[in-house]
Amino acid sequence: MSSRRKKCKRQILKFGQNVVRFITGTLSSDTAAEEQEQAAQRHRPETIDCLLAQTHFTKRELQILYRGFKNECPNGLVNEDTFKNIYGHFFPHGDSSNYAHFLFRAFDRNQTGFVNFEDFSLGLSALLRGPVEEKLTWVFNLYDINNDGCITKEEMLDIMKAIYDMMGTSLNPRLSEDTARQHTEIFFQKMDKNQNGVITIDEFIECCQKEENIVKSMYIFENAI
Amino acid sequence: MAAGVAAWLPFARAAAIGWMPVANLPMPVAPAEKTKRQDELIVLNVSGRRFQTWRNTLDRYPDTLLGSSEKEFFFNEESGEYFFDRDPDLFRSILNFYRTGKLHYPRYECILAYEEELAFFGIIPEIISDCCYEEYKDRRRENAERLLDDQEDNKDAKLPNMTFRETMWRAFENPHTSTMALVFYYVTGFFIAISVITNVVETVPCATSGPARDIPCGERFTEAFFCMDTACVMIFTVEYLMRLFAAPSRYRFVRSVMSIIDVVAILPYYIGLVMTNNEDVSGAFVTLRVFRVFRIFKFSRHSQGLRILGYTLKSCASELGFLLFSLTMAIIIFATVMFYAEKGSSSSKFTSIPASFWYTIVTMTTLGYGDMVPKTIAGKIFGSICSLSGVLVIALPVPVIVSNFSRIYHQNQRADKRKAQKMQKARLARMRISKADSSSAFMHSKRNGLLSEPLEITQPPYKMKLSHQGSLDEDQHSIKPSTLIESQHHHLLHCLEKTTNHEFVDEQFYEQTYLESALHNYPSRSPSLSSQGLTGSCCTRRPKRLTQLTNDTSGATHTHSHTPHGHTHTNTAGLQELSAIHIQCADQPLTTSRSSLNMRTDDQQSRLNCQGGQITTAIITIPTPPATTPDGDGHAPSPPVSSPGVVKVSAL
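Protein chains in written order, with the numbering used here: chain H, 1 to 225; chain X, 1001 to 1652.
Treat the hints as calculated values from the structure; they're not laboratory data.
One or more hints might be untrue.
Simulated restraints, written as ranges between beta carbons of each label pair [claimed, not checked]:
hint	chain 1	residue 1	chain 2	residue 2	range
1	H	Asp49	X	Phe1075	31 to 41 Å
2	H	Lys6	X	Ser1047	51 to 61 Å
3	X	Glu1070	H	Lys153	52 to 62 Å
4	X	Phe1075	H	Gly149	56 to 66 Å
5	H	Glu222	X	Ser1047	43 to 53 Å
Computed from a prediction, not measured in an experiment: that's the story for all the values here.
Even glycine gets a Cβ: it sits at the ideal position worked out from N, Cα and C.
Please model the complete structure; the sequences and the hints are all you need to start from.
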């Protein structure tokens, strides 16, 4: 919120400057000032030893990760648009921006609007190398959009729609409007043990650990790095 | 896939864990990495300058020299490095392409050398990034023109065996080639001048000694002028016909501007000949004489400058259009204002707004004839604003036109803006194709059954049919996921399909089948049976037949009494459809049980049914035609992906 207010103020100031410039007759508008502001936002991550201690990765893996990260984002920060852009490359069939938005929110733990390398590596460490509980906790945080500790049907429906959006439209069998909703219903039926309309983290973890399919599927990406 | 983006693939795969609790089907097995290669540095020795980079960097573009195994030819055993005997300065740009994904063109380099290097290293020049692409294209065009000019100088050398027609055409186009051509050139030029002067002198009043009334010379010496006109027109007609005869492409010649000018120049005379005695059209006849002035444009064949002027005006069409448009706007505005301002004054010449147009035009172009002058104070104020703004509006586009003219005049360019546009389209088309490749690569690997490799444990006959299917498919698209990255990406997309229980199909296929199935399901209920020889009608519409067949077999688990359209096939075609049928069987429960809550039990049911159906079709053409589904929309003949229900259970 505060970042939005700041942006507003900045724009009003710029407008005032432009009016003054117009009246006094100076020509070129200075966009370099704004660019400097953005470029000034750089981020240097913590030392590699620090990250080693916090994540489950080896030094080599962290090096590879960081090189890839820095290549795409030289100033050390990923903003949401870049994130959506990158994620969209992997799913050319449909529109992955909604799901990318949720992912971004899940990675950006402090809600700063940027994902830095610590967020990135901590998230990946939980997903790839952590124990099952850690992984499931991460997934729960992904689904829980408003961070209130429980997943409601609306939140789940949003996530489901985002997943289906990634598929695009040319599908077999044909996509209907109800598909996402039905899928959500099935999911809720499975997970919501006490049928109170929300899923808490304990219900979630317990349920998932019971399903052999889900537990097995958590490990298929282990060799990703 | 873009270079750096490939580095994010592990992240995308890790994020896919977010789908896992939602998915109801088991996930496919991940592609195994055969050897976990440590990232190593490789040394590229280019004429003594050593470049070092990670092996992964070069692997990003597997269809270039450095990214493929082609570089092994340059491997030097003793030093353990790759030696290239090429220009090290140019190699910098090429290596940067691998590192950043963007290909830049250095301005100080010769365009030919650069293109040679690109060709050597297997990089297409179309992917030069936008920042340098214009420069690259400009240089290329200059180079091409230079080559063209060189060619033209050689063109004047006479080829040994030219036909009479070709000689004539060459003589017309380049008067310097032979003396006859030069004579012809000057003669036509002379007659054009005579014709124009005649037209002008015709209207001059000649003094007569008779009654003191000046009549134009044309009416006094009618026969003389008529003879002159006839002579000119005959010369022009002969010239036109000769050009028409000699032109290599007559159709193109007739459409060209110069020939139209020729025709317009001589036509009035002939029309006049035909219509002399008719009183009614004599007025029109007089008007036609005006067109004789077009003969002056025939001079453009003789004058390079005139041609360039015409070309400039054509190329500045947008500026001219802007000038015209802004002038019109300004005229209307000021005319309205002046009309209302001068309405009050008596005996004002500004009788209406269109009448004020004349005043506005004369004022804006700073002519100021003075035939219409504002009298009121308001009118005078607005009149002065009008003249000031007129100066501005007219002065603005003029420098653009002038600079254009000088540029064209100095460079003497051909009309290759059209060529540049075509190249732009080709470039965009190539880039689009390479982008579409990334999404179609998944389809093609599915179609080739490559995703089913880890599922080899089950059903050898099924596998045999798949390989048969693969050979029947077009060979051009048999892309194996050559890199690990590709196979991992496809695995990721496959997981997404499993999560949502829907499959990707080709877009055109999708539209085609959904359109057709809507049309076909109804006529397919004809009672003709399978055993009849209906191959004729079937085979003529091959793709549709596939749809029908899959529609038919999709109702394998239902028991309706409709019979499908007949379908006898030769064996090879039958095999192709067998795999299609098999898929449909498998997919069937997914769609019909869309509303059912528990999907897995249906899988097992259908599996048994499918097996039964499959065996039947292997032996005979379907004797008991399975029923069609009641609902109209059929299913697309999806590529032979492994039937999910069958294999998965055993894989786990």
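Here is what the structure says about each hint:
no.	hint	verdict
1	Asp49/H / Phe1075/X: 31 to 41 Å	holds (38 Å)
2	Lys6/H / Ser1047/X: 51 to 61 Å	holds (54 Å)
3	Glu1070/X / Lys153/H: 52 to 62 Å	holds (56 Å)
4	Phe1075/X / Gly149/H: 56 to 66 Å	holds (59 Å)
5	Glu222/H / Ser1047/X: 43 to 53 Å	holds (45 Å)
Of the numbered hints listed earlier, not one is contradicted by the structure.
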